[in-house]
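Colleague: Construct the entire structure; sequences and hints are all you get.
From first to last, the protein sequence lines stand for chains A and B. The letter at position 256 of the first sequence is residue 256 when you use my numbering, and the numbering goes up by one with no holes. Count along the second sequence from 1, then add 1000; that gives the number in my numbering.
Simulated from the structure, these hints should not be mistaken for lab results. Predicted, not measured: the structure shown is a model, and the values here were computed from it. Note that beta-carbon positions come from the ideal geometry of N, C-alpha and C, so glycine has one too. Among the hints, erroneous ones may be present.
Said to hold, decoys possible - Beyond 10 Å from chain A on every Cβ pair, some chain B residues (computed):
hint	residue
1	1042
2	1070
3	1099
4	1103
5	1143
6	1162
7	1166
8	1173
9	1247
10	1252
11	1255
12	1256
13	1281
14	1290
15	1300
To be verified - Taking lysine-lysine pairs in the DSBU-like style, the calculated list, with each CA pair at most 30 Å apart, reads:
hint	chain 1	residue 1	chain 2	residue 2
16	A	25	B	1157
17	B	1157	B	1236
18	A	322	A	403
19	B	1236	A	123
20	A	201	A	104
21	A	439	A	403
22	A	403	A	337
23	B	1200	A	130
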Amino acid sequence: MLLGKYEATEARNAVLGALRDVDPKVRFAAVVSVLGWRSYQSVAAVEAVIHALDDPEVDIRRAVSTSIGTLARFRSDLLNRQSILLNRALVGQLPMLPLTIQRKMVNAFLDTDVVVRRNMISKYNYLGVKVPQEVFVRMLQDEDLEVRSSVLPLVARHLEFSLFVEKAAVVADDESPILRLSLIRELYPRSALKPIQLLQKLTQDADPEVATAAELQLFNNAPDLRLYKSLVERLDKGSLNLSQRTQLVQLVERLEETEARDGYLLQFLEISEEALRVVATRQFFKFDLGELYPETLATLLEDPALSVRSQVVLYYSRNRDKMQSLDLEVWLESEFKDVRMALVRLAAGLPRGEAAELLFDLLLDDEIDVRVEALTMYSRLRLDGFEKMLEMTLQDESIVIQKRAVLNILQLMGDLGRALLEDYLKDEGAVSPLSLYIKSQLKTP
Amino acid sequence: MKSRSWLLRLLIFCLSIFEFGVAALAENSSDEAPVRIVQLIQGNQFKRMYPDALTGLLESVSAQTTLNVDPDPLVIESFDDPSIFKHPFIYINYSDRQDWQLTESEKQALKRYIERGGFIFIDAGISASFLGTQNARSQGQSFAEWRVRPDLAELFKEIVPETSFRPLPRSHGLFRSFHVGLPDSSLLPDTVREFVVNEKWPQGSYSSMGLDVDGRLAVLAMPVIAMGWGRNEVGKWTRSIGFRIRESAEGLSDRLSEAYASGEPFEVTREDGRTDIIYTQNQAMASWVQEAGGDWRVFQYHYSQEISDYAHIFYTQLGVNIVVYAFTH
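Modeller: Structure follows, in C-alpha cells:
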C-alpha cells in the first residue's frame, strides 16, 4: 500500500511482485494500488495486473475486471508508443494478447462471480480478444439477467444468423419478458432464412406485450394481410404500446397489396396521435401518394401539428419536380404561417412567371415575416421589376420590410443600389429611423 | 434501510404551520401545487457545477416520497432576489458563486430569510484544503472534514453573530428523516464495506456542519454530494464514483511515520475537533494520514461499478433526507 504511492521503478516493481503474494490480503492491496496508477511503465506491468483475472480471491477478480477496459487501453497505448519509436508503420497493428492472458480473459466471461461476468461482458468491445461463440451461447442462460441481456446482442452479431436463431431459441423460454422482447428485436429480417417458427412460438407468449411484439416481427419477416389486419384491430382497441403502434404504421410499407396498403395509410393519417400521423405522413410520401390523393395532401397541410405539416414541406423541398401537380392555392390560403413561409421557398422551383405571381400574392400576406421572405425571394430570383419593387418598398409602412429592402438593394443592385439609397437620404433627410439604418449600412464595407 | 413514508403526510401537514408564513402557505394551499426549490447560480448558468444533479435529486424526492416537488428549480443569481421569500429551501453549490463577498442588501436578505424560517443547503461548503481551490479537484472529491470553508464561516458570523457552524452529530434527525441506515452493502469488497459502514458513513450519516438559528437548523454545509445525483436521459448515473478508504496493516503505521512524501502535509478537522494530517504525493492525491490518535493509515482508492452504484444510492438518499428534513422541521 505504501510502495504503491511512489513512482520509482523499484517501488512499482515491488508492488507488481506483490500481485503474486501468497497472502490474498497482500494481493488485494497490491491490485488496488496498481489500479490507482495513472500510468504504467511497461506493457509487462499492465499484463501483470490482467493476469490477476483468475485470482482465487473474488474481490481481486472484481477489481481487475472492473478496470479491464482501462488496462487494455493502457496496454495498446504503450504498444503504440513503442511502435512509434521502432517503426511508424506498425502503429495500430498491435500484437495479439499473450495466449495465457487471452485464456484468462475468456475464462473470466464464465467466472463463478456475477460481478466479474458483468464486467467482462460490458467491456468486451475494448478487450481485443476473440471469445469463442460457445462461451457467448452459454452466457445466454446465465443466472443473471444483466449478463443475459448484454450478451444477446453480441451473440446476434457474432453468430451466423441461422446459428443465432438456433442457439437463441432458449431465450424464448427466458423468465424475463425484457429478454424475450430483446430476442424479438434481434429477429428482424436479415437473411433468406426467416425465423418464423421461433416467432410463432413467441406470439403465444403469456405476456401480451411480448406476444404482440412477436406478431409485429413475424409480419416484418413474412408480410401477411390477415395478420396486419388483426394488428390494426388491436391498434384501434388501444392494446398496443407506443413503440408497437409506431412500428405497425411503419410496417405498412411491407404490405404487397397496394390497395390495402394505401387504405391503411389513409386511415393512419387520421389517427389522433400526432407521432403516428408523422410516421404515416412519411410513408404517404414514400409511396408518392400526393398526386393520387390531392385532397389528403390538402388535409395534411392543414394538420394542426407542425411536425406533420413539416413532413409535407420537407418532401416538396426535396422533390421540387413534383410541384407541378400541386394546388398552390391550398398552400397560399393555409392558415399556418409555416406553410406560407415554405411556399416562399418553394417558389424558387417554379417557372419564373408562376413564381412572380405567387410571390406577389405572398407580398400581401397578413404576416410580416412572410412578406419579408417573399420580398427577398422575389429580389433574389431577380424577377421582372424587382429593382422598382425594392425601391417602392422603402416606403412600406413597416420598418422591418423597409430594412430588408435596404439590405436587398445593397446586395443585389450594386452601385445602382447605393446611389438609390443615397438619393433617398437626400430626399427624406437623415433623421428618420430608416435613414439612420441606411447610413449605417452604407458605412458597412 | 427503511423508508418512513407513513410519516410524510403528517410531516407535510406540519409544513403549513412552518414559520415561513403566508407565502409558503399560499403556495401549498393546493394539493397539486408542487413545492419549488430555489437554486442560486451566479453568472453563466451553463457553467454551473453538476448541471443535471439537482433536477435528478428532486425527481428522486418525488419518486421516493409523497412530497410533491417541482423537478425544475427556480434559479436566482443573488440572495437579494425577492423570490426567495416565497420558497423555504435554497440549494447552492459553493462553486456556483464565484464571489462570497455579499453586498449589504444580500446580507440583509439572507439574515431575514434565515430568521423567517428559510433553509439553505450549501453543497461543497466543506472542502479539505489539500484538494486545493480548482473545481476539478475540490468538486471531484468529497473528503470528510468538519470545518466549513473559511469565507463561509466569516460570512455567517457577520450575518448571525450570535451563533456559529457546529458539527452535526451522527445521531441528528436529518440523517433519518426519510431513509434510515445505509443501502445494502453486500456487494462491496470486505475492506471497503468495513470502512464505509463503521467509519465513512456510519448509520447513513455524513460529515456535516450546521448553523442553528432559534433552535432550528437553518444552514447546512457538506462536502460535495451533488456528483451522486445526476442521471442521464435513459436513467443511468452520469458519473462514476470511487471510494477513498483508510487502510492499515501490521507494521504499516510505523513505516508511514517515516515515509517520504513529495507533497506538503495538510491539516483537516475531525468530527471531534482534533486534527488529522494528510500527506500527499506530487499529484495532490491524499496518500496517507497521521490521525489525531497517533495511528497512521494509507489511503487506497477503490473503483467498481458496484462501488459507484452504492455511492450514488447513498448520496441520493442523503439528498432526499436533507430535502425532507428541511420541509418537515
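Colleague: Hint by hint, note whether the structure agrees.
Modeller: Structure-based check of each hint:
A cut-off of 10 Å between C-beta atoms confirms that residue 1042 of chain B is not in contact with chain A; the least separation is 33 Å. No Cβ of chain A comes within 10 Å of the Cβ of residue 1070 of chain B; the nearest lies about 26 Å off, and the non-interface call holds. With a closest Cβ-Cβ approach of about 33 Å to chain A, residue 1099 of chain B is found to remain outside the 10 Å limit, as its non-interface label requires. Non-interface status of residue 1103 of chain B relative to chain A is upheld: no Cβ of that chain comes within 10 Å, the nearest being about 39 Å off.
Taking the minimum C-beta to C-beta distance to chain A, about 16 Å, the non-interface status of residue 1143 of chain B holds against the 10 Å cut. Remark: the non-interface label on residue 1162 of chain B is consistent with the geometry, its nearest Cβ contact in chain A lying 46 Å away (cut-off 10 Å). At roughly 35 Å, the least C-beta separation between residue 1166 of chain B and chain A is larger than 10 Å, which holds for a residue marked as non-interface. For residue 1173 of chain B, the shortest C-beta to C-beta distance to chain A comes to about 35 Å, beyond the 10 Å cut-off, and the non-interface label holds.
With a least beta-carbon separation of about 6 Å from chain A, residue 1247 of chain B fails to lie farther than 10 Å from that chain, contradicting its non-interface assignment. Taking the minimum C-beta to C-beta distance to chain A, about 7 Å, the non-interface status of residue 1252 of chain B is violated against the 10 Å cut. A cut-off of 10 Å between C-beta atoms contradicts the statement that residue 1255 of chain B is not in contact with chain A; the least separation is 6 Å. A cut-off of 10 Å between C-beta atoms contradicts the statement that residue 1256 of chain B is not in contact with chain A; the least separation is 6 Å.
Non-interface status of residue 1281 of chain B relative to chain A is broken: a Cβ of that chain comes within 10 Å, the nearest being about 5 Å off. The Cβ of residue 1290 of chain B lies farther than 10 Å from every Cβ of chain A, with a closest approach of about 13 Å, so its non-interface assignment holds. Distance to chain A contradicts residue 1300 of chain B as a non-interface residue, since its nearest Cβ pair spans about 5 Å, not more than 10 Å. A C-alpha spacing of about 48 Å is found between residue 25 of chain A and residue 1157 of chain B, which places the hinted pair above 30 Å, so the restraint is violated.
Restraint check: the Cα-Cα separation between residue 1157 of chain B and residue 1236 of chain B comes to about 41 Å, which exceeds 30 Å; the hinted pair is violated. For a cut-off of 30 Å, the pair hint linking residue 322 of chain A to residue 403 of chain A is broken: about 35 Å separates their Cα positions. Under the criterion of a C-alpha separation no larger than 30 Å, the hint pairing residue 1236 of chain B with residue 123 of chain A is consistent with the structure, at around 17 Å. This hinted pair does not check out: residue 201 of chain A and residue 104 of chain A have alpha carbons roughly 38 Å apart, beyond 30 Å.
Distance check on the hinted pair: residue 439 of chain A and residue 403 of chain A sit about 12 Å apart at the alpha-carbon level, within 30 Å; holds. Among the hinted pairs, residue 403 of chain A with residue 337 of chain A is consistent with the structure: their alpha-carbon atoms are about 21 Å apart, no more than 30 Å. Proposed proximity of residue 1200 of chain B and residue 130 of chain A is contradicted: the alpha carbons are some 41 Å apart, above 30 Å.
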